[in-house]
Amino acid sequence: MRALAAGRFGRDGGGAEPKGGRALVRPTRISGYASVFGAPDDALDMVMRGAFRRSLAERGAQGIRFLWQHDPARPIGVWDSAREDAHGLYLSGRLVTDTRTGRDAAALVAAGALDGLSIGFRTRSARRDPQSGLRRIFDIDLWEVSLVTFPLHPMARLDAGSTATGRAPGALDS
Numbered sequence: 506m507r508a509l510a511a512g513r514f515g516r517d518g519g520g521a522e523p524k525g526g527r528a529l530v531r532p533t534r535i536s537g538y539a540s541v542f543g544a545p546d547d548a549l550d551m552v553m554r555g556a557f558r559r560s561l562a563e564r565g566a567q568g569i570r571f572l573w574q575h576d577p578a579r580p581i582g583v584w585d586s587a588r589e590d591a592h593g594l595y596l597s598g599r600l601v602t603d604t605r606t607g608r609d610a611a612a613l614v615a616a617g618a619l620d621g622l623s624i625g626f627r628t629r630s631a632r633r634d635p636q637s638g639l640r641r642i643f644d645i646d647l648w649e650v651s652l653v654t655f656p657l658h659p660m661a662r663l664d665a666g667s668t669a670t671g672r673a674p675g676a677l678d679s
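In terms of this note's numbering, the sequence shown is numbered consecutively and its last residue is 679.
Any given hint could turn out to be false.
[Unchecked claim] Okay, the calculated beta carbon distance ranges per label pair:
no., residue 1, residue 2, range
1, L657, R629, 17 to 23 Å
2, Q636, R605, 45 to 51 Å
3, D585, R558, 32 to 38 Å
Since the hints were made in silico from the structure, they are not lab data. These figures come from a predicted structure and were not determined experimentally. Cβ coordinates follow ideal geometry from the N, Cα and C atoms, glycine included.
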């Protein structure tokens with residue numbers, strides 16, 4: 506195992522070093538917009554402002570799963586905060602790097618190879634325009650937000666500051 510999450514050793518997360526002299530690596534922080542209001546995605550779905558309000562009130566950020574490519578068998582982290590603002594659904598969370606998939610995800614994000622976010626949900630209320638085919642979604646039951654290669658919404662991306670290293674720039678594993 507190359508990296509272990511801080512907090513596993515010692516009360517303050519900076520305690521003992523694991524056998525083998527490997528460096529402890531803090532869970533990696535990422536954030537970004539998983540959904541953008543008022544702009545259609547590639548499936549002609551347009552999420553409207555307020556669509557996540559009920560789901561966020563019912564579940565909170567901790568009730569939203571953080572998955573790899575929408576695979577329920579591959580959770581990769583936890584969402585610490587989720588909120589609607591004027592632009593869309595914004596989340597902040599941590600990749601868990603003491604799993605193989607979490608480490609892979611962190612490495613791909615840090616390299617700039619992966620930056621897409623995508624929502625997994627059930628539609629509670631929507632209306633489709635019969636002429637354009639555009640579906641306006643007014644209420645969403647949000648189950649999960651995934652880190653993905655190809656987001657259905659082209660503006661659903663990680664923030665540029667989401668380096669997913671969990672360390673100071675230039676720091677190396679020992």
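Violated constraints from the hint list, given by number and in increasing order:
3
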